[in-house]
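**Q** Read top to bottom, the protein sequences are chains A and B.
Our numbering puts the first residue of the first sequence at 1, with every later residue one more than the last.
Our numbering puts the first residue of the second sequence at 1, with every later residue one more than the last.
Accuracy of the hints is not assured; some may be wrong.
[As the list claims (entries may be wrong)] Partial list, derived from the structure: chain A residues whose beta carbon lies under 7 Å from chain B: (1) Asp11; (2) Met49; (3) Glu76; (4) Gly107.
None of these hints come from the bench; they were simulated from the model.
Source: prediction; values computed, not measured.
Cβ atoms here follow ideal geometry from the backbone N, Cα and C, with glycine treated the same way.
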Amino acid sequence: MDHIIEVNVIDRDGQLHKLEAPTDMGMNMMELCKSAELPVEGTCGGMAMCASCHMYVDSSHDVPEKSDDEEDMLDEAFFVEDNSRLGCQIYLADALDGLTVRLAPVGQ
Amino acid sequence: MIQTDILIIGAGPCGLFTVFEAGLLKLRCHLIDALPQAGGQCSEIYPKKPIYDIPAYPSILAGDLVDKLMEQAAPFQPGFTLGERAETIEKDAEDQFILTTNRGTKHRAPIIAIAGGLGCFEPRKPPVPGLAAFEDRGVEYIIKDPEFYREKRVVISGGGDSALDWAIFLAEGVASHVTLIHRRQEFRGHLDSVQKAMDLAQAGKIQLLTDSEVTEAHGDGALKTLVVKHKTEGERTLETDHWVPLFGLSPKLGPISDWNLNVTKNAVEVDTFDYSTNIPGIYAIGDINTYPGKLKLILCGFHEATLMVQSAFKRIYPDKNLVLKYTTVNGVNGF
Ligand SMILES: Cc1cc2nc3c(=O)[nH]c(=O)nc-3n(C[C@H](O)[C@H](O)[C@H](O)COP(=O)(O)OP(=O)(O)OC[C@H]3O[C@@H](n4cnc5c(N)ncnc54)[C@H](O)[C@@H]3O)c2cc1C
Ligand code: FES
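Using the sequences plus the hints, can you model the full thing?
**A** Here it is in C-alpha cells:
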C-alpha cells in the first residue's frame, strides 16, 4: 500500500506493538503512539517543550538529526541515552518503514 | 481566613476568565496557584509562542493573552494566593468549604472552581535512588534564598539558564565551592551567561563537569557525597553540602486526586450542563475536567467558565433570578 509503513513500539513493560502508520499526514511518533493509546502524554502537543514523548530509537534507521530545541529539551529529561529522541520530532516518512522505538521510563 | 464567593484553584487562562464572568454576576473570586505567577501553562511553558485559535485574535503571544486576561479581570479585584498549593478541602457547619494550602493559608467560600489544568507544576526530580531522603537535607530543587548557601559547597545540575545563572551567582563570593554538572558539553542558556560560566570555570571559580550526571547520593541523615558518572571516563565521588538539580518543572495532578472527586485518566469528571463534579458546590473547568468530546483548548475552557458561574450563582442565591445581560448594555461595572 502507498504511504503506509509499519513501526514497532516497545512499551514500558517490554511489550511490542506493531503499528501501521500513514506517512502522508504530517504525523509524528508521539501522535502515532497516542492514537494507539500507548502511554505517551504529549503534554506540549509536540513542540519539543515537555519531553513527555521521550523514546529510544533502537533500529539503525536514518532518523533526521535533532534540532537545538530537541537537544535542549532532552537536557531536562532523565534516562537520556545516545539514541534518545523526542517522539514528536520524528515525523513518519517512507524511509522509516520498520523503525523500532522503545518508550523511555517516566520520572517521578 | 480569606472569604470569597468562588475560590478558584489554578490561575491559568480558564481560572482568570472565571473572575470576569463571575464579576458580571457580582460574585467575587479568589485565585490560588502553586506557581509564583498567574497564567498557568501559558506563562510557565510557552509565554513567547503565538496562539492562533483565540477567537478574534488571528495571533496572540501566550504571555500577552495572560496579560489581557488579567486586565479584563482587574475591575473585579480578584484576590491571589500565589506560590501555594491547594492541599485540603473540608466543609464547615454553615456548608461553606474551607480550603487550606500547603503553607497553612485558609480560605472559605460556598463554591470551589477547580481550574487546575494539568496539575501543579513541580520540579523534575532526577531518578537517583534514595533521593527523597535527602530532600531539604542537602538536596533542594529550587533556590529560594542564595544566602542559604554562603560558605557552603554546592553542586548544581542542569544545562539551562537557571543552572547557569545560579552557578555564576553562587560562584561570585557566596558559596565556598561551586560545581556545575551537565549531561552534554553545550549549554542552552543565553550566550552571555554561557560565556560567563566558561570564564569562571577557566578562572577556577566553577568546577565544570560536562558529559556527566549524578547517579548516586550518599550521607547519614544529611547529604555528604555524590557519585558523578562521566560518559567515557567512569565515576568520581564529590563531597558536598548541597545538591541543587535544576531540570525545569512538569505538571503533576497532586492533591486534587485526594478530594473524593471522580477522576479518570488524571482528569475530573463533570456534567456538561454546568461543569459540576460529583461533589455539590465543586466545579471543574479547563484542562482539568473530562467529559465525552472534551478538547483541551483555551476557548473551550472559557465557555465552560461562563456556564459554570451561572450555576454557581444559583447555588449561592437560590431565590434570585438571573437574566442574561449583554456587556454592551451597561458596560463593565467593577467592584
Ligand atoms: C506548548 C503548548 C502549546 C499550546 N497551544 C495551545 C493553542 O494553540 N491553543 C489552545 O487553545 N491551547 C493551547 N495549549 C493548551 C492550553 O495552554 C491549555 O488548554 C490551557 O493552559 C488550559 O488552561 P487552564 O486554565 O485549564 O489550566 P493551566 O493553564 O494548566 O493552569 C492550571 C494552573 O493550576 C495550578 N494548579 C493545579 N493544581 C493546583 C493546586 N492543587 N493548588 C494550586 N494550584 C494548582 C497550576 O499550577 C497551573 O498554574 C497549549 C499548551 C502547551 C503546553
Ligand atoms: S510532546 Fe512535548 S516534547 Fe514531544
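**Q** Now tell me, hint by hint, if it's right for this structure.
**A** Right, here's what the structure says about each hint:
Hint on A:Asp11 is violated. Least Cβ distance to chain B is approximately 17 Å, over the 7 Å limit. Proximity of A:Met49 to chain B holds as hinted, the smallest CB-CB distance being about 6 Å (cut-off 7 Å). The interface hint given for A:Glu76 holds, since its Cβ lies 4 Å from the closest Cβ of chain B, which is under the 7 Å cut-off. Using the Cβ-Cβ criterion of 7 Å, the hint placing A:Gly107 at the interface with chain B is satisfied: the shortest such distance is roughly 6 Å.
Checked against the numbered hints given earlier, the structure breaks only hint 1 and satisfies all the rest.
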